[in-house]
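Engineer: Sequence order for the protein chains is A and B. Everything in the first sequence is counted per my numbering, starting at 1026 for the first residue and increasing by one. Everything in the second sequence is counted per my numbering, starting at 245 for the first residue and increasing by one.
It is possible that part of the hints are untrue.
[To be verified] In silico SDA-like links for lysine to any residue, alpha-carbon gap of 20 Å or less: (1) B:K642 / A:W1153; (2) B:K370 / B:G380; (3) B:K383 / B:Q648; (4) B:K291 / A:Y1167; (5) A:K1169 / B:A305; (6) A:K1169 / B:R295; (7) B:K291 / A:M1162; (8) B:K284 / B:D247; (9) B:K291 / A:W1153; (10) B:K291 / A:I1191.
Since the hints were derived computationally from the structure, they do not count as laboratory data.
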Amino acid sequence: MASVPPQQHDDLGVLKTSTPNDSSWFGTFTAALNVIGTILIVAMAIAVNADVFGRNAFNHPIPGVNEFIGLSIVAVVFLQLANTLREGRHVSNDIIMQAIGVHNPRVAYAFYGLFNLIGAGLMLFIVWFVWPMVVEMYRAGYYKGTANVVEIPIWIFVAPVVIGGIATAIQYLLFAAREFGRALGAEDAPPK
Amino acid sequence: MSDVMIGALCMLGSLVLIQTGMHIGVALMFLSFVGVFSMKGLDIAGKLLARSAATSIASDAYAVIPLFVLMGLFVSATSMGRDTFDVAASLLRRVRGGLAMATVAANAVFAACTGTSIASASIFTKIAVPEMVRYGHTKGFSVGVVAGSSVLGMLIPPSILFIIFGVIANVSIADLFTSGILPGILLSLAFCATISLLSYFYEPFVFADPHRKHGTYSGPLEGKPAWYIAWKFLPICLLVGVVLGGIYGGFFTPTEAGGAGALAAFLIALLRRELTPKIFWEVALETGRVTAAICFLLMAAQLYTQMLTLSGLPYAVGQWLQSSGLSFLVILAGYLVVVVIMGCFLDSVSIMLILLPFVLPVMDTFQVNMIWFGLITVIAIEIGLLTPPLGVSVFVVKANLDDQRITTWQIFKGTAPMTLTMVVVLFITVLFPSLSLVLLGQRWSWW
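Given the sequences, and given the hints that come with them, work out the whole structure.
Structural biologist: Structural data, given as structure tokens:
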């Protein structure tokens, strides 16, 4: 968290309009991951253009660009995942559950809670199995690119899978708790 | 329980979970993990899960997704859509039903800079619907034309659906893009023909105010000289030129075209002074969210495909189809019907993710041209964007309407002629594979 300067907080306020703070530090954290991922996307666009420009204008492609953007995309996805979930932007299709929710809101909430719990479980599985990969990549010094020209260490780009996976799991757990709370009637379902 | 059985259960289970509202990527990934686990044990299931998350999309081919999304969002942030519509409307102002045709034409041009139908649908709902209603068209027809022509966004390159098909089927994305050009133009013309026929023979559907049906549209470009109209049209033409010209001129791969297109769109937006730092940042953030949502689905699809392959289910289905002695045409027709029906309940990407792992091996045994197959798959899926109860384009139009008295059902009704037109175009592209392959110089036909 130390890497997020406090002045970014105001800028990020706009991002969290659709989901008010259920715990503001965590919201800030997902937003911060989102910012890193977004910067990475801009970097990808710049790198691709520099490569195209260098190749067509000076006949001099930039080594390692393809490897960089290929590795970045994984990092981008997992850095954005928690915030994407928080903003309710994951693709889903809940016509049936909405129909159920009209007459049996508690049943629908219970199902949503269960789905979020499964989401959290899946993320933790991913983290559990990816972590040894990251350690292995770091220890063995795996890289992509050309030896002694451009060596891009892979682990840096896979580590976000672990960080983003944990953040997404926490977000799913927060959602699960909220939905189960509604199902049990602990709250009378205010539009949080 | 046999492995084939496990595969079948996982597929049915994912359909059920997706229908009940679970996140699609999570449903696919979770059930695939469970499937592999029950076939091969935790060790292999874990390895495959980790690989799908950490390395399955680590390739520059996938970087095409954020880059094209970035470009489309830059374009959407400017008023280039508005300008394109104005130009088309002023060119077609003397034609009966011209305003509706202008909507189609503007959509077709706009589609060449964005990869999704959603962008087209939301922008043209705001631009075209108020104008069409003001000039005496019925509300149902106005929204129907916008929803219908928004499907061009996915057919005319660049297109996210082609990218996803190319990734799953392992065929050239650039070739898929090329294959969409002629059918895209054909569909635009077919839409215009439908509009023309309706405006002559089914007037009450089109015009709410019979006196205005010959109305001459006077938009902001009324009375402006030709060079001014051309000037308004220039930026979007440049952008289309950069992307498509770059790919077909051999300067770029599709991924690079996405990057160059994003840069060009950024520069145009900057020059037009329509880009504040805040908008820039919002565009970048939105790109991230869209990318994360799509790519996570692709990761899930990789694991799902591996699970199905391990279960042997696609192979079993292929064997069964071959031994059944059904002709290719019957199987193809059955496939298209299934796609259209699924389109009534699922979104486009999920249909591809769920069906293709099955269908591709089967089609392979018939030595089907995969470019053509991708094209007809995309058209069939797009029909689903317009059919009730789940018509994504229709919902997007509804969400962007200022006039909330227009019901979803009215939009579906207004779209119906467009949907039928799409079915006709689907038939034509199925019957004449050369329509999609001629630009590629490929010769292939199933008959």
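Engineer: Taking the hints in turn, state whether each one holds.
Structural biologist: Hints and how they fare:
1. Simply put, K642 (chain B) and W1153 (chain A) have alpha-carbon atoms about 42 Å apart, too far for the 20 Å limit, and the pair is violated.
2. Using a Cα cut-off of 20 Å, the hinted pair K370 (chain B) and G380 (chain B) holds, with the two alpha carbons roughly 17 Å apart.
3. Our distance criterion of 20 Å between C-alpha atoms is met by K383 (chain B) and Q648 (chain B), whose separation comes to about 11 Å.
4. Annotation: proposed proximity of K291 (chain B) to Y1167 (chain A) holds, straight-line Cα distance about 18 Å (limit 20 Å).
5. Taking the CA atoms of K1169 (chain A) and A305 (chain B), the gap is near 16 Å; set against the 20 Å cutoff, the hint holds.
6. Pair hint K1169 (chain A) plus R295 (chain B) holds up; C-alpha atoms about 17 Å apart against a cutoff of 20 Å.
7. Proximity of K291 (chain B) to M1162 (chain A) is assessed by CA-CA distance (about 15 Å); at most 20 Å being required, the pair is judged to hold.
8. In summary, the hint linking K284 (chain B) to D247 (chain B) is supported, as the alpha carbons are separated by about 10 Å, within the 20 Å threshold.
9. Distance restraint check for K291 (chain B) and W1153 (chain A): the Cα-Cα separation of roughly 10 Å lies within the 20 Å cut-off, and the hinted pair is therefore satisfied.
10. Distance hint between K291 (chain B) and I1191 (chain A) is fulfilled; the C-alpha atoms sit about 18 Å from each other, no more than 20 Å.
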